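Asks: Sequence:
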Amino acid sequence: RTDCPSDPFVRFFDETFRFAEGETELPFEERIEEAKVVHRLNFIEALCRLYDMRLDELRVNYQSVCSLTPDILKEFEISRESLIESLRMKLTTAKKEYWKRLFDGMEEVRNRLT
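The numbering used here puts the sequence shown at residues 41 to 154.
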């Protein structure tokens, strides 16, 4: 019933609320290259910029969730503890991903040094 575009309530929801369903973003390598070109950065600077942007995105998203009223949080079964664990996992995953990208990109750094 929620996927029926002719349902007036579904139409109301779609017109009133912006719901981002799996918006696609560029692959990581393309985002690094874009940051390097657009902002005239080297690989490490681009990686740091993307990492900072990711942390800021997480901060904004979690602040938004925390700004919901307690009754809405309860309705969605969101607790302080679940937010803490979720954010901890997201930050750990981001750190691992960016460290991996850094070491994967070290060949570029080595080539510049030789």
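Simulated from the structure, these hints should not be mistaken for lab results. Since this is a predicted model, take the numbers as computed values, not measurements. Incorrect hints may appear among the rest.
[As the list claims (entries may be wrong)] Quick list of in silico lysine-lysine cross-link-like pairs, DSS-like style, CA-CA up to 30 angstroms:
| # | residue 1 | residue 2 |
| --- | --- | --- |
| 1 | K140 | K114 |
| 2 | K76 | K114 |
| 3 | K136 | K76 |
| 4 | K140 | K130 |
| 5 | K76 | K140 |
| 6 | K76 | K135 |
Asks: A separate judgement is required for each hint: does it hold in the structure or not?
Replies: The hints, checked one at a time:
no.: 1; hint: K140 / K114; in the structure: violated, 37 angstroms
no.: 2; hint: K76 / K114; in the structure: violated, 43 angstroms
no.: 3; hint: K136 / K76; in the structure: holds, 21 angstroms
no.: 4; hint: K140 / K130; in the structure: holds, 15 angstroms
no.: 5; hint: K76 / K140; in the structure: holds, 18 angstroms
no.: 6; hint: K76 / K135; in the structure: holds, 20 angstroms
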